[in-house]
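In order, the protein sequences belong to chains A and B. Taken in order, the first sequence gives residues 1288 to 1746; the numbers are from the working numbering. Taken in order, the second sequence gives residues 1288 to 1746; the numbers are from the working numbering.
Treat the hints loosely; a few may be bogus.
As the list claims (entries may be wrong) - Heads up, incomplete: computed chain A residues facing chain B, CB under 7 angstroms, no partners named:
{"hint": "1", "residue": "E1337"}
{"hint": "2", "residue": "Q1392"}
{"hint": "3", "residue": "E1413"}
No lab work stands behind these hints, which were simulated from the structure alone. Each residue gets a CB set at the ideal place from its N, CA and C atoms; glycine is no exception.
Number of protein chains: 2
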Amino acid sequence: MHKTSLLLAALLTFTLPANAAEPADAAAKLRDQALAGNRAWEIVEGLTTEIGPRLAGTETEARARDWAVRKLTALGFANVRIEPFDMPVWVRGSEDAAIVAPFPQKLHLSALGGSGSTGDKGLEAEIAAFDSVDALSAADPAAVRGKIVFVDHRMMPTMDGSSYGFFGAVRRTAPSIAAQKGAAAIVIRSLGTDHHRNPHTGQTNWAEGVKPIPAAALSIPDAEQIARALSRGKPVRLRLLLTPRQIGVRPSGNVVAEIPGSDPAAGVVLAGGHLDSWDLGTGAIDDGAGVAITAAAAKRILDSGIQPRRTIRIVWWGAEEVGLLGANAYAKAHGHEPHALAGESDFGAGRIWSLASRVNDADLPAVRAMAQALAPLGVALGDNQSHGGPDVSPLAALGIPIISPEQDGLDYFDLHHTPDDTLDKIDRAALDQNVATWTAVLWIAANGDAAFGRVSTKP
Amino acid sequence: MHKTSLLLAALLTFTLPANAAEPADAAAKLRDQALAGNRAWEIVEGLTTEIGPRLAGTETEARARDWAVRKLTALGFANVRIEPFDMPVWVRGSEDAAIVAPFPQKLHLSALGGSGSTGDKGLEAEIAAFDSVDALSAADPAAVRGKIVFVDHRMMPTMDGSSYGFFGAVRRTAPSIAAQKGAAAIVIRSLGTDHHRNPHTGQTNWAEGVKPIPAAALSIPDAEQIARALSRGKPVRLRLLLTPRQIGVRPSGNVVAEIPGSDPAAGVVLAGGHLDSWDLGTGAIDDGAGVAITAAAAKRILDSGIQPRRTIRIVWWGAEEVGLLGANAYAKAHGHEPHALAGESDFGAGRIWSLASRVNDADLPAVRAMAQALAPLGVALGDNQSHGGPDVSPLAALGIPIISPEQDGLDYFDLHHTPDDTLDKIDRAALDQNVATWTAVLWIAANGDAAFGRVSTKP
């Protein structure tokens, strides 16, 4: 037994209620075994190598589901199954762009998910530049009509990723605003924090009745190049070729696997990540890491040979990136079933530094017991206001209690939705710290005596 | 006057021969002015923004020469001129690649300079993998014929870039070896040290009589993905589309500018960088920085209002990347003229940490005087074995004395020859430290009383 475990066991003896001590002690042991593990690496290495990119609703996502069923079955989980649903599918086409005047040169960009097409001949127009979404919103349509809107902005790296919500409007809503004002197309500075020649794709949302226009993200060096070209005070003209298309309704699905508990009435403890990825990278940090971390944690519990009281359910959601389609399908199918606690790992593979939650006050001692088990990993107790990862947010909306181990995402938006989201970006020691965290969390959630009643969803 | 300058002036009083003290003191003053300058930034910002990529022999390199003449003239240099030469020109075409079996997915690669074409329909073949150029050299042609050779390797970052020579064979000679053994094509792990999805292009050399085959560099994450796919033990098939072509003989040229000296017989002090770049990035660190640093240093001397004893000549060489064509043209045209000292800045924009040289022993005191003037910048005295930057190597071969301020290149091969070689990679304070270094070096070289006789070129 490790020194930290001995220390923790001693600590728990004095600080935990007697009935919680046993699961916490076992959690510490499992946590330390997980720290030395490499199961998560095997999963994410396999998924990103043998499948690669997994765009929602496409053949690659279907292959990933079959791979997932084989993998989860081989690991020894029970009730492994695909829960299918249908969805409209968008796929990328050709992509090419250049400044044509005054300083001709190639640009690196990629279409946003849901982008319209320029047609095979492309289009050429002058830029109408804005330094924020607000400035675009305030613009006279006459200044935008027929032009290629360029929206610049800055986003700083943050550990908790909180800037993504604020700055995200540049990708989520600016294209729709530009379309409503009659723009021919829109290019945005990528919603990212790196300085590599990699565009950050991601879904854009078209307002009701708005016809999609070509919408693309420029790599950050390319956006800065356009800003410098504009600074010379002459009109800047771009040529764009973007030929994405909608290919109709296709199958997607969630992959589910379980460790059946001894007390089916006690409610499910749910954890997972999303199986789909954007098409540019191999989806290692978004979200191969998340599916690997949570499944490896559950596998550690499976290998303990002790049946948990509550059923532990692993879900690898489909079609997260294009609008939480798998999450909504799961909530619709299972939201009425008893769930004790739900959580998702979907913020990369950086170390966990905080344990956030959203449970009733009566259940907070269980979260504190988890935090005590995690303290040797450097994890602090966080707040009780969490909505969890994106795929559990529909469950949070139903009042299902949420657990949210928070990852260090300082470099997450360097890689997010880019071709650079590849396996080499994952630090194996940090990955194992994630598995150790989830192992302890799942163990205590499944075996502790907290009731985990539904949380009020009234404001 | 800065504190360091006062200290240096005091130091020089005691350590330099009386006749060298005056230029050294003035050098220190100019050095400190240069440290606070931003002229180099203006030059590299302008060149990379207003011209962008500058592939040798193409229209973009021609535009860069015209830009250079305007810029150097506006800065006040004398005898600004283009010295033209002709060259055969290779240009990139379409580039697309994928693993087709057993794990279908797209790959990121770029053709090497001089690569052959797959034709418009591309080609598909199984991989024959080698972990080094030596392993490829030793291979039975029967194991290679008709296949796509993949050469893996590792290169560590080094401060002095010395690994580039050793590992460079993977790009320079492996394609020719593969062609001689009957390979259909070759893909190499990029000759680089990063982990981004950016291929490192660069010239490959075909042995006499060898017909070029398609030859490309994979980004390092893609090379690692292929290695992982191969580790499963099944044949791995690739599809390649590469359509570069030779477009015939076109004009290139060197751009030359001068500060005429008061003693034309004393020999020219020559400094510069190369104006051409690879076509993937905007050539900021390779070598926009070098032309900017050396011109900004000369401009600082020009602005002192004191005519140097020796003529200071700035050369922005053409067509370096494809085989030192501008360097050879300059050596042929000017190698017989008196040159006191020659140096090139062509290893990025990192801080200078060492002053290397190749001068006669009798002239070493002048190099030591330079090193004393540079000590406040953190620059140490280096060895006297340097061949200088690539564009002065033909001059070194003629015995012309060489000066070589050595840059910290620990991250140089993260960016070298990739789309990521863009302006944002340059640290302005480090750029100014380079300008300060070259200012002091040029001043002492031009005004000191060292003879700088030709160096013996016998081994």
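Results of checking the hints against the structure:
Taken as an interface hint, A/E1337 checks out: its beta carbon lies about 5 angstroms from the nearest beta carbon of chain B, inside 7 angstroms. For A/Q1392, the shortest C-beta to C-beta distance to chain B is roughly 3 angstroms, which falls under 7 angstroms, so the interface hint holds. For A/E1413, the interface hint is violated, since its Cβ never comes within 7 angstroms of a Cβ in chain B; the closest pair sits about 18 angstroms apart.
Comparing the model with each earlier hint shows a violation of hint 3 alone; every other hint is respected.
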